[in-house]
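Undergrad: Each chain, letter by letter, is given below.
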Amino acid sequence: MTWSRRFRASKTARTRNRHGLTYPVIRGASKRFSRLSKITMKKHPADTVIGYFGFPRRKILRETRERFGPDLPLVDLDVDMGAPDSGILPATTCRIVANVVDNALSLGSALAAVVAAVGEDKCDRGRHAAFLLRKMGFSVIESRFPEEEFESRPLVFSRARLPLREKIDRIMATVVDPSAPDPAPASCEPTHGFWGVPPHDFRILDLFPETTHVYGWTRCVEAGRPSDVELECRVDDAIPTIFFTQSFCAKQDLAHFLAERHRGLAVDCHREINDSILAKVEAFVRLSR
Amino acid sequence: MKIADCGSTYSKILDLDSGALEIVATKELVRRKSERYEVATGHCARGRCAVYRNELIALAEGGLALVADGDFSLVDVGGRDIKFVRLKGRKVEKLDWNLSCGSTTGATLELLGNYYDIDFSTLPPSDRWVNVTCGVFGMERVLEQISLGTSPEESVAMFLHGLVRNVIDFIGRPAHFYLSGGFCENPCFVLTAERYCRVTPLGRTVLLEGLKKGLE
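Protein chains in written order, with this note's numbering: chain A, 1 to 289; chain B, 1 to 216.
Do not rely on the hints blindly, as some may be mistaken.
Restricting the straight-line Cα-Cα distance to at most 25 Å, the calculated cross-link-like pairs of lysine to any residue (SDA-like) are [what the hints assert, rightly or not]:
id, chain 1, residue 1, chain 2, residue 2
1, B, Lys88, A, Arg286
2, B, Lys91, A, Glu189
3, B, Lys94, A, Pro240
4, B, Lys94, A, His262
The calculated label-pair distances, taken between Cβ atoms and stated as ranges, are [said to hold, decoys possible]:
id, chain 1, residue 1, chain 2, residue 2, range
5, B, Asn131, A, Arg58, 40 to 48 Å
6, A, His256, B, Arg90, 23 to 31 Å
7, B, Gly70, A, Arg234, 26 to 34 Å
8, B, Gly19, A, Asp236, 43 to 51 Å
9, B, His176, A, Arg286, 23 to 31 Å
FYI, nobody ran anything at the bench for these hints, they're computed from the structure. Here the structure is a predicted model, which is why all the values come from computation and not from measurement. Glycine included, each C-beta is placed from N, C-alpha and C at the ideal position.
With the hints as constraints, model all of the structure from the sequences given.
TA: Structural data, given as structure tokens:
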């Protein structure tokens with residue numbers, strides 16, 4: 001049994017709906033699925049949700065909820081929720097985009113709408129996924145995050161002393177709920193860096209010490225600037241950094257360039273992390289101290 | 001006490017008491033269900049040892065045990081992957097591990113050599129190369145060359161040349177590097193690599209040296 005299956009079986013079996021997805025989830029009950037908002041069902045069938053992917057404009061998320069139901073939970077379709085492989089996309093598709101399509105098809109009629117980040121803040125494949133979902137009959141609302149809406153939110157979690165898994169999960173939760181954490185976690189000086197997007201398989205994050213700072217697109221999310229390439233490429237030169245991407249993601253271009261320039265380590269992974277990738281990261285974390 | 005480097009295609013087993021070194025095809029090792037080691041590394045070592053060591057760490061420590069230079073590059077070209085460390089002032093400055101695309105080329109070369117009865121000890125290097133994106137794509141190029149009339153020996157040497165270019169690009173095109181692994185015993189590989197830079201083979205026991213160092 002793979003780790004993700006073990007995890008799902010042990011942590012989330014009690015909260016599965018008829019689609020096999022874990023919902024509704026109260027934030028904090030499961031770190032891995034805390035990107036589902038806490039809700040109370042009212043007018044809608046018990047399993048109706050609004051899906052989103054990437055970092056949609058807050059205004060569009062708000063308008064979609066007003067239109068389809070303010071009580072409906074928001075579900076991040078980027079996240080691996082154990083949906084069956086739909087086979088719609090080629091095998092050489094970034095796993096995150098494949099998750100979006102697989103999750104949407106698995107949810108089916110329970111998905112009231114999909115708020116799709118399709119601008120420079122996401123990628124062509126995300127845009128194509130939105131197009132395909134619309135062709136398949138889903139209600140898709142496109143979002144392109146403009147520079148005029150860039151925020152400059154403090155980097156509370158990116159610089160916090162917390163397990164990296166929790167740090168990234170809480171950053172991604174700010175897409176739906178950007179309110180400042182109270183109390184805020186303590187910050188720390190970085191010993192290591194993690195650059196990139198939230199991985200499909202979170203096990204890789206467990207290898208990093210709590211003093212790992214978050215960079216790249218995930219930091220851009222916390223700052224409220226999802227297509228700010230300058231911020232995305234800003235790292236601390238003296239900090240040994242893993243530049244992580246999903247395989248077949250265009251961000252591999254940036255990761256390889258930055259890893260060479262900053263003597264970091266570019267790591268890519270398709271689907272689940274394997275022992276070799278874990279060993280590679282473990283060696284880097286240990287030898288670069 | 002026995003320590004082992006159990007690679008994907010070959011396993012190196014060292015008896016620290018007698019000093020005896022055994023190199024065995026991993027396909028045979030996997031049939032020795034009860035064989036256990038005190039310390040081991042490699043893809044096939046898990047579950048066979050009291051203490052498991054990370055391969056890259058074993059490589060780096062083996063390099064430090066065998067090389068006196070302050071600054072050096074060391075690459076292990078295996079059946080399944082390529083592991084690389086660059087040290088500056090005897091501290092790790094850069095490391096990498098080619099796992100997926102570009103890997104399995106060593107094992108593919110052995111398959112090709114067996115199929116075409118190639119003697120690598122006498123195989124002359126080729127000036128030409130094929131693009132070895134990975135083992136499967138590289139094999140397709142070899143088959144294509146043979147269908148175009150190139151001899152199997154020349155075609156396999158071209159594959160090996162492509163593999164050498166991948167390795168040298170992967171490790172940042174240094175002026176000199178130390179080589180670890182089975183390719184140290186492949187003159188065609190070493191001669192091809194020397195077209196690009198100086199090469200010092202260290203043999204197949206570098207990771208074992210790293211394991212020994214870890215015991216100190």
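Undergrad: Against each hint, give a clear statement of whether it holds in the structure.
TA: Results for each hint:
no.: 1; hint: B:Lys88 / A:Arg286; result: holds (16 Å)
no.: 2; hint: B:Lys91 / A:Glu189; result: holds (22 Å)
no.: 3; hint: B:Lys94 / A:Pro240; result: holds (10 Å)
no.: 4; hint: B:Lys94 / A:His262; result: holds (10 Å)
no.: 5; hint: B:Asn131 / A:Arg58: 40 to 48 Å; result: holds (47 Å)
no.: 6; hint: A:His256 / B:Arg90: 23 to 31 Å; result: holds (27 Å)
no.: 7; hint: B:Gly70 / A:Arg234: 26 to 34 Å; result: holds (32 Å)
no.: 8; hint: B:Gly19 / A:Asp236: 43 to 51 Å; result: holds (47 Å)
no.: 9; hint: B:His176 / A:Arg286: 23 to 31 Å; result: holds (26 Å)
Every hint, counting from the list given before, is met by this structure.
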